[in-house]
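There are 2 protein chains.
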Amino acid sequence: MSHGGDNAGVVGRKKDKVVVCRDLKEKIMPLLYSREDLEVVLWPEDRACERPWLLENIKGAAGVILVLGEKVNTEFLEAAGPNLRAVSTMSVGHEHIDKVEVTKRGIKVGYTPDVLTDAVADISVMLALMASRNVGETIDLVNRGLWPAFSWSPFAFCGPQLSTSTPNATRTVGFLGFGRIAKATLSRLVPFGVTHCVYSSRPTSKPDPVADAKLAKELNIQEVRRVSMDELASQSDVVFVLAPGGAETRHLINEDFLKKMKESAILVNTARGTLVDSDALAKALRERWIWAAGVDVVEGEPNVDQTHPLVKEPKCVVLPHIGSATIETRLAMATLAVKNLLAGLDGKPMPAPLIT
Amino acid sequence: MSHGGDNAGVVGRKKDKVVVCRDLKEKIMPLLYSREDLEVVLWPEDRACERPWLLENIKGAAGVILVLGEKVNTEFLEAAGPNLRAVSTMSVGHEHIDKVEVTKRGIKVGYTPDVLTDAVADISVMLALMASRNVGETIDLVNRGLWPAFSWSPFAFCGPQLSTSTPNATRTVGFLGFGRIAKATLSRLVPFGVTHCVYSSRPTSKPDPVADAKLAKELNIQEVRRVSMDELASQSDVVFVLAPGGAETRHLINEDFLKKMKESAILVNTARGTLVDSDALAKALRERWIWAAGVDVVEGEPNVDQTHPLVKEPKCVVLPHIGSATIETRLAMATLAVKNLLAGLDGKPMPAPLIT
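Chains as they are written, first to last, in the UniProt record's numbering: chain A, 1 to 356; chain B, 1 to 356.
It is worth saying that the hints were derived from the structure and are not from the lab.
List of simulated lysine-lysine pairs, DSS-like, C-alpha gap at most 27 Å: (1) Lys25(B) to Lys262(A); (2) Lys183(B) to Lys217(A); (3) Lys27(A) to Lys262(B).
Quick list of the computed label-pair ranges, beta carbon to beta carbon: (4) Glu26(B) to Thr166(A): 18 to 26 Å; (5) Asp256(B) to Lys15(A): 51 to 59 Å; (6) Arg286(B) to Asp279(A): 39 to 47 Å; (7) Thr307(A) to Pro52(B): 40 to 48 Å; (8) Lys25(B) to Leu146(A): 18 to 26 Å; (9) Thr307(A) to Gln222(B): 44 to 52 Å; (10) Val100(A) to Asn168(B): 35 to 43 Å; (11) Thr356(B) to Ser151(A): 26 to 34 Å; (12) Asp279(A) to Thr356(B): 56 to 64 Å; (13) Pro52(B) to Gln222(A): 50 to 58 Å; (14) Asp114(A) to Ala247(B): 45 to 53 Å; (15) Asp305(A) to Pro314(B): 18 to 26 Å; (16) Asp230(B) to Leu55(A): 54 to 62 Å; (17) Asp230(B) to Gly300(A): 45 to 53 Å.
Bear in mind the structure is a predicted one, so any value in this text is a computation, not a measurement.
Cβ atoms here follow ideal geometry from the backbone N, Cα and C, with glycine treated the same way.
Same shape as in the complex, but just chain A (with noise of 0.2 Å):
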């Protein structure tokens, strides 16, 4: 059975078993299944992994690869047992991970950021321009069938332009969390005719106008400037949320905030749906504090359905956290996952690691 190079010295060696919580199909299993060295364990079904499968399975496993909905908590940890060392999650949120728990007992976790950076960045810059020009209520329009009895007037289904058109023009846009995506997202909106950028970040970190200042210049705008929450809120014409999830961050877009935005302005959320109060979010849409919203991703989801506000909200589009859903970028995310896997496994530097 040894075939040299990394697996040799396997013969007689009880295989490593491998969980793998969601089928990666015939690009990516290949990796997996060409280790002779493993015992590769499939959740079998195109489907959410069910707990009792995982837990059952996951016993005396050594790696295992999974995804934002399996929590990996003590749960899962005492399940899996002391044969367990690294966990890889095709996701670039970690939240589902209990990192006190698998850093006592020296697992080693990988993670999938950066390949999704362009796909989630195209996205954002979607929901803006879908939430400014009432797609949720023109698609619906059409789907009806009311378009023959809808009669063109000038200013019908008119938003607020998301492009500057007259000379001299301002567009500000703001970001809550300043990181990768968010910077993808601003370069894409240059050619619209984004002439500022204002951000919010971690309140321990670093103000670094120096770098602010080198990215304007970059992008040839006139100002990318880091700005408190209540700045952030009253001089964007779009906020981007676009920081991390968790208890921490959870609500940071409320009452307070949206009342202090401009009426004109959208506000799109494609990073996690904890960040937004959406109770909060539905009545600014419905008593047009701001113009419209666009969301990826929804607290609580996926138990979001026709009763919930913002689905309900005809100035919100709701989108099922479809933000990495691309060909290329899953691809990308799940060839990750598995080096992750296979690095951890083999005892060498992941190339994505979140704990080692």
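Keeping the supplied structure of chain A fixed, place chain B upon it in accordance with the hints.
Below, chain B without anything else, positioned relative to chain A:
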């Protein structure tokens, strides 16, 4: 009544009648009402002007402001009579105007180009993103309350990514028609990683490889190149239809063209419905010749209901011709339409003349 300036000398003269086919609202109408030498006759409802009302009221008019829906044909011109000297359409399209007949009568015609370039470029980018990211299907899933039952899987709802993400990757965007809106759309796509641009123009226009090379350099992309329709189809990752409507360009996008496109390609039409054979496009989507489509215009609109093949097709996003529907753009179009009319009546050059 005389108040000097342009309007000097109107004392005792019969007022010029001006018919306005859509209420241009409180920001624009005063530009007309303030002219005491004019009798303004306004269609009183916030919907399409009825033809009998128009034919009745146009009698003896000196000028008219109208939109795409109102045909300026022999019937209209005969109803108006010899007083008519200025027609102002609040549109960039002018297929509703019989240019031979108005020229014969020495009537000046103005339209509203340029001012809608940015709004239409924005929606062109938006539709490319929406089509590639399966937004029609995913919004529908949320609106039908199916998100809770949908279980995440690695490749669910994945589409081809508009942005390049891997090093050395290329992306080719194609344009059928390469005027202002096409160029504005192209410039917006550069930071998404577009590397090549191909386009087709009317056969009678002169190729200009020097201008193409200059544009490629300005945008910092590898190539801008005029190609045949066959090459446009086969090389483009996204084809944007941005040519004029009318008989000459009818069904340029047909089965033959669609069959030559890439399986992963997107078709976007934000120009005129007549350019695309709807049945052929529906077939191309159903049979997976191409990935998806986004259209803001449909042949035969607004008579496009749920039974229309494109509305029924899950891979097609259909919007009800809202390409120029931003507050900024429609105000600019309405302002320009009024300025064209007044210049025409005053015997001055129209700011945006179609027929002088």
